[in-house]
Structure formats: C-alpha cells, structure tokens
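Enquirer: Given next are the chains, with one letter for each unit.
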Amino acid sequence: AQSVTQLDSQVPVFEEAPVELRCNYSSSVSVYLFWYVQYPNQGLQLLLKYLSGSTLVKGINGFEAEFNKSQTSFHLRKPSVHISDTAEYFCAVSDTGTYKYIFGTGTRLKVLA
Amino acid sequence: NAGVTQTPKFQVLKTGQSMTLQCAQDMNHEYMSWYRQDPGMGLRLIHYSVGAGITDQGEVPNGYNVSRSTTEDFPLRLLSAAPSQTSVYFCASSPGTGGTDTQYFGPGTRLTVL
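Line by line, the protein sequences are chains D and E. With the first letter of the first sequence counted as 1, position 73 gets the number 75 in this note's numbering; the numbers rise by one all the way through. With the first letter of the second sequence counted as 1, position 15 gets the number 17 in this note's numbering; the numbers rise by one all the way through.
Hints listed in this document are in silico derivations from the structure and should not be mistaken for laboratory results. Please note: incorrect hints may appear among the correct ones.
Here are the computed lysine to aspartate or glutamate pairs in the EDC-like style, where the Cα-Cα straight-line distance is at most 20 Å [unchecked claim]: (1) D/K112 x D/E17; (2) D/K51 x E/D58; (3) D/K102 x E/E32; (4) E/K11 x E/D28; (5) D/K51 x E/D40; (6) D/K102 x E/E61.
Please read all numbers here as calculations on a predicted model, not as lab measurements.
Here chain D stands alone, though its shape is the one from the complex:
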C-alpha cells in the first residue's frame, strides 16, 4: 500500500528566510503528488500538484516543489517566507487506478518575526 512520510513535525523559521518541507513516498509505478496547506481552524486547500512532465512544479503563494523519482521525494520549498505562511502543510499521494488519496502526518511551519 502507498504511504507518505513527512519527516519534520514542526519547522520554525525566521521571516524572509528560505524553507524546505520534506516529503517522501513509497515507491510505485505511477503516482500523483500533492501539497495542501491548512490555516488555523480551516479546511485544507491545494498549494500545488505533480501529475507528469516537468519535475519542478510551481504553486500558489510563491511555493514550489520538485519531484525526484529516484529518491521518491517531493519536497516543498519557498525562498522567502512571510508570517502569513504559518500553517500546517500536508503532502499527499494517489495511485493511478485507485480512488484513494493518502496523506502524510503534516508539518507545522511557524514563521518567526
């Protein structure tokens, strides 16, 4: 069965510093990868997704992620964070031919002034 690992449960970073949130998935022939963000007391919303093609995917709010098939990773990056980026970030994967989305345990990003 497919699985997703987010290695960091919490990441503190100072405002305007770069950040990388890590995500690894278990190997599969073909997968689709997603990053979602959850602001306090809200539902999740999509940041970006990788379906095929270019391995560098750009999303909303200046975030980007790189798909690395050999390392089965899909790390999320932002070159300069803002206080408003404080939220919980979830990596998710779905398999071709299944209807199930599997989520990681989440990384809580806290941006410090």
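Following the hints, position chain E against chain D.
Expert: Quick look at chain E alone, frame taken from chain D:
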C-alpha cells in the same frame, strides 16, 4: 458557489449516541470523501464515493457508515459513538475519480465524544 459545506461545526456526544455529520457540495463533483484528522496522524480516509449509489471503505471505516443517494450529499453516520471517535472530520470533493484532481475541503466538524 458555496463549495463544500459541513454541518454541524461542533458537536458533543455521549458514548453510545448516534449522529449524522452532513456534507454537501454544489460543484457537481463525482468524487466525495470523508477524513478524520487527529494530532500527529494527519488525515486518514474513512469512506469515499465515486458517484451516486457507489461507496467504498478507506483506511479507518470501522464505526462509520455512509450513503450517496445524490451527487450533492454524502452524510457520515456514527452508529454508536465512542471516545476514540473524538476528532475533527473533513469532507472533500473532486471533479473526477482518476486520482489526479484537486480535492476541495469543507471547513470541518469538531466532534467530542464523552
């Protein structure tokens, strides 16, 4: 469009009580799903549906029932609530069923079982 709506926002139950969490979407999406969110465990899939009349189990289906009589509605029923079902519940929908689509999430229902 209202998107995905969930009611109630908060609910407190006693052990053994039953209740239904409501979920509706007005985007004519085929795929709908229910997740529970617990600290340190992320989101876990409870049940999902790929269209009216079709439902299937996710990772953690025990203690929950679903039905999908219309495209718009996907209620989640707790038959006999247990403290282990204390959680935040999210409903989500997406246009297609091939695993490539963005999921749109509701605002969640915070359930406490005493």
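Enquirer: If any of the earlier hints don't hold here, list their numbers in rising order.
Expert: 2 and 5
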